[in-house]
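Single-letter residue listing:
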Amino acid sequence: MIPTSTNASTRARILPGLAAVAAMALSISACGGAKVGQDTAAPSGGSGKCGSVNLAVNAWVGYRADAAVVSYVAEHQLGCKVVKKNLDEQVSWQGFGTGEVDAILENWGHEDLAQKYITEQKVAQDAGQTGNIGVIGWYVPPFLAKEHPDIVDWKNLNKYADLFKTSESGGKGELLDGDPGFVTNDGALVKNLNLDYKVVYAGSEAALITSFRMAESTQKPMIGYFYSPQWFLADVPLVKVNLPPYTTGCDAVPAKVGCDYPPYNLNKVVSTKFAQSGSPAYRLVKGFHWTNDDQNAVAKSIQGGMSDDAAAKKWVEANPGQVKAWLGS
Amino acid sequence: MTAITAVRTGVRPFRGAITIGVLLVWLLAFTVLRGQDTLTLGAADVTSLHTRLNDLNDAVGANRNSNPLFLYFFNEIRLVIDHLTLFISALVSQPSYGRPVPLAGWLGVVAVLGFGSWALGNLKVGLLAVVGFIFMGLQGLWQESMDTFALTLAAVLVALVVGIPLGVWAGVSDRVNRVVTPLLDFMQTMPTFVYLAPLTLVFLIGPASAVIATLIYAAPPVIRITAHGIRQTPPETVEAAGSLGTTRPQMLAKVMLPMAKRTIVIGVNQTIMAALSMVTIAALIDAPGLGRVVLQSLQSLDVGTAFNAGLSIVIMAIVFDRVTTAASVRVELARRTGSERAASVRKVGLVVGAVGTALCLYLSYTYVWAAEFPTGIDLGSPISGFATSVTDWAQVHLSVLTGDFKDVVTNDLLNPFQSLLTDSPWWLLTFVLVALAAIAGSIRGALTTATCLLLIVGTGLWSDAMSTLAATLLATIAVMALGLVFGVWMGRSRRADRVIRPALDAAQTMPSFVYLVPFVALFAASRFTGIAAGVVYAAPVVIKIIADGIAAVSPTTIEAATAAGSSSWQIITKVQLPLSLRTLGLAMNQGLIYVLSMVVVGGLVGGGALGYDVVAGFRQNALFGKGLAAGLAIVLLGLMLDRLTQSVARRADARTDHSHP
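First to last, the protein sequences are chains A and W. Every letter in the first sequence is one number past the one before it in this note's numbering, and letter 293, counting from 1, is 293. Position in the second sequence (from 1) plus 1000 gives the number in this note's numbering.
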C-alpha cells in the first residue's frame, strides 16, 4: 500500500481507531463486570509449613498418573505448592545435582544414573518402591497370538520369521524397539538365542505404539518390545512372548544376555536435600505406594480427556484409606 | 547431483566423460570390494572418543559449583535471561504481583498486537494479528499460546540485542565475518538434542535454558542477514560519502544502517520463524506453552489435540511473518517517499489507536472478562475432532497403498543407493566423492569434501553417516522435483502463488511432532518415514525460492520468446529455467540443509543412523558422547554439502554470465 494524501485514505486510517475507542467507551459504561482479584479468596496453598516441592514429570502417561495423585494430595491435604517440571529422565536425574528437582516418582532401573547421583555424588537417594511392577518383554498383537498360539514361545520364533519381514529388516524378521532411552537387551538376545531377526529402532514411544495399533487394526503381523504398566495395553491387550525365564544374574554381562527381562520394582528417587528437609511432602512421597491397577485407573481417566487434577481427585476420593496410609507413615 | 552433471556435459564434454569414468570405477570396485572396510558400529557400541566426550559432560556437572566460569559468567547470564523471561511472562501469561492473572489480559494483548502491527506494518496485518490471536483463544489455548509467545519474545529480543550489533560488525569487517560464518553454520546445523541436556547443567532447568536453546538456533539468521545487508551498500555511495569527509561511525549510522534497514527487518523475520520452530524441542526441558501440549498429546497418540497446538504455532508464525514483511515494506517506502501530509494523517491515526489500546490494556488489567479469555465458544474441539477423523480415515483407507509405495521406494531406490554408500570401503567412497567434488566444483570444494569426510571417519560413525547421506540425497531429489513442479507453476501464475503459499507456510511452521504419528501409521516406523518428514519440511522453502526465481525472469525476455512462437513448455525449459540457474543452485543448497536439519526427527520415527544416535545420546547418559559425535557428523555432512553445492553453483553461474555477455 503506497501512502497517498487523499481524503479516502485519511478516513481509512482514522476510522478503525475511532471505532475501537467508541467500542471501548461503550463497553466501559455498559458492563463493568467483575474486577480482577475481587471475588477470589486468598490463594490456596503456596505457604505454610510445607513450602514448595519440585516434582519431575517424565514423558509417559503412567508417570503422569503418579504425579497427578501425589500433587493432588500434597496440595489439598498438606497445603504444599507443587511445581511440576516436564523433563526427560536423564535431565530429571541431573536436576538432583543442580537442586532443581526434589523427586522422581517412577524410576525404571537406570543403574548408571543411580551410580552417578546416588553412590558417587550423593545428591539423591532411594525413597522406596511405588508398588508398581514393571514388566518388559517382547509382545505380539492379540490377533496374531490367536492365529498362531505357539508364537508366544521364543523357540518357535524362527519358524515365523518370514511373517515379520519389512522393508527395514534386510530379509530377516523385524523386531521393533522403541525409545532409545528404555532399558533393552534386544540386540544381545537376538544374537544369543540365534534368532533370524533384526532389531529395528522405531526411535520413540509414539512410533512404537502407533506401529502396534496399526498392526492390530490392519491385522499385519508384528513383534516388538513393550512394557506394562502402560495405558495402551487397555486399548490393545498385547500378548507377551515367553523368552527363556529370568534367573538371578543371567543378565549380568550385557553382551551375553540370553534370558527374559527381570520384573522391575519401580521406585521413587528423591534429592538428599529434600529427604533431610523434614517436609511433609517428603513423607508423602516416601509413603506413596499403589498397584498397577490403581495407576491404570488414573491413567485411563487422563487418557479419556480428564484433567490430571480431576483424574487424581476421582481416585483419591474413592480410596481415602490408602491415601491416609501414605501420610501416616 | 546428476542434474548438474548433465548440464555440464553440454558445455565441456570431457568433464562429463571423467564423471562417468569415476562412477564406473566406483561401481566396478564396489562389486569386488563390497562389505570391506565399511567401519560399522553397533547401536549400543561406543568408541574411545565417545567415552572421552562422556567424561567431558561429567566434568561439567562436577565442577559447576566451584568453577569461576560458572560462578561469574554462566550464572550471571542465567539470572539476566531468567528475569527478562519471567518479566514478560508476568506481563502476558502468568499470574503475577499477587494477582491471580497476568498484568495484561487477552483484550490488552490483542489490542497491543493489533495496534503494533498496524503501526509497524499496515492495517491489513493489524487485523490479521487481532483475528489470529483471538483464534488461538477460541481454540482454548490462550494460556499456552501466551506462554509460548512470552518465551519466543524473550528469545527473539536477546537474539536481536546480541545479533544485530554482531551482524553489523561482521558486515564492516571481513575478518570478523570469516570467524563468525563457520560458527553460525555450526549453531544452525548442530542438532539441538545434542546440547539440550548439557544446557540444563549449565543454565539449570528453567526459562533460561529454554530461551538459550531457542537462541542458539534462532540468532544466526539475523546476524547473517544483517551482515549481508551492510555489505550490500553500493560502493559508489560509500565512496561518495567518504569523499565528503564522513567518519567511519558516521558512515555506519548515516549511510550503511539506513540502507540496510530493510534487509535487517528480513533477518528479524527469519529469526522469529526459527525461534517458533524450537517451541516443541524446548518443551523437552520444561518450557511451558504450546510445545508441551504437542508433546503430551504425542504420548497418548492424540493427533487432534496436537493439531490444535500446532495450528496455533502456525498462526503465530504467519502473523509475525506477515507483520515483519509489511514492516520491511514500510521501512522501504518511508525511505523513498516522504509525503508530509500522509505522515501527519498517519500520526493522528496512530494517536487515536494508541488511546484505544491503552484503554483496552486498562480494561484487561482491571476486569475479569477482559483478563481471562471467555470460554463460551470452543473452536478447539471441532478442529481436533476433524483432524482426528481425517487421520483415522487416512490410516484405515490409505495405509495399504502408502505401505506398498514405501516398500517399492525403499527396495528399488533407497536400499541399493544406501548399500552403495555404506557397503563401499570408506577410502573408495572418499576418493569418489572428492573426485566428483573436484570435477563438478573446484579444487577448494574438493579439499573441503576430503577434510569433512576424514573428520567423519574420526567421529567413529562413518557407516551411520553414509546411511544418513543416502537418505538426505534421496530426500533432496524429491524436494527438488516438487520444487520444480510447484515452483514453476507458482512463478508463472500469480493466482497459483496466492493459493499455494499459505499452505507452504503452514507445512513449514507446523511442528513435525504433530504429523509424526499419522506418518508412522501410513509408512510404518521406517527410513522412508524419516525421509518423508524431511521432504515435508524442506519442500516449502525450495518451492518458494524457485517460484521467486522464475517470477523474477524479465518479462521482456519471455515476451520475445512468445513472439518468436515458443510454446509454454519451450519457454519454461529454454528460457525461464536456464535463466534461473543461480536460483536453482540456491534452492538445492537450502533443500539439502533443511532436509539435514530433520535427520533427528527422522530418528524418532525409524530413520535410524545419525538421527537415532543423537536421540539415543539425549535419552541415555552412557551414549551422550556418541550422540555428540553424531551431531558433529551431521554438522560435517552439512558443511560438506553446503560448500559443495555453493562451489558447483558458482561454476554454473560463471558459465551463465560468460555465455550471456
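Hints are not guaranteed to be accurate.
[To be verified] If you want the footprint, here are the derived chain A segments under chain W, 3+ residues with CB under 8 Å: (1) 146-153; (2) 164-177; (3) 209-218; (4) 311-323.
[What the hints assert, rightly or not] When the alpha-carbon atoms are kept at most 20 Å apart in a straight line, the in silico SDA-like pairs for lysine to any residue are as follows: (5) A:Lys191 - W:Ala1044; (6) A:Lys122 - A:Tyr160; (7) A:Lys198 - W:Pro1374; (8) A:Lys198 - W:Leu1295; (9) A:Lys220 - W:Asp1407; (10) A:Lys85 - A:Gly33; (11) A:Lys85 - W:Ala1044; (12) A:Lys300 - A:Lys220; (13) A:Lys300 - W:Ile1212; (14) A:Lys35 - W:Pro1374.
These are computed hints drawn from the structure, not numbers from a lab. Every value quoted in this text rests on a predicted model; they were computed, and no experiment measured them. Note that the Cβ used here is the ideal one computed from N, Cα and C, for glycine as well.
Earlier hints that do not hold, by number | Of the numbered hints given earlier, those the structure breaks are 1, 4, 6, 7, 8, 10, 11, 12, 13, listed in rising order.
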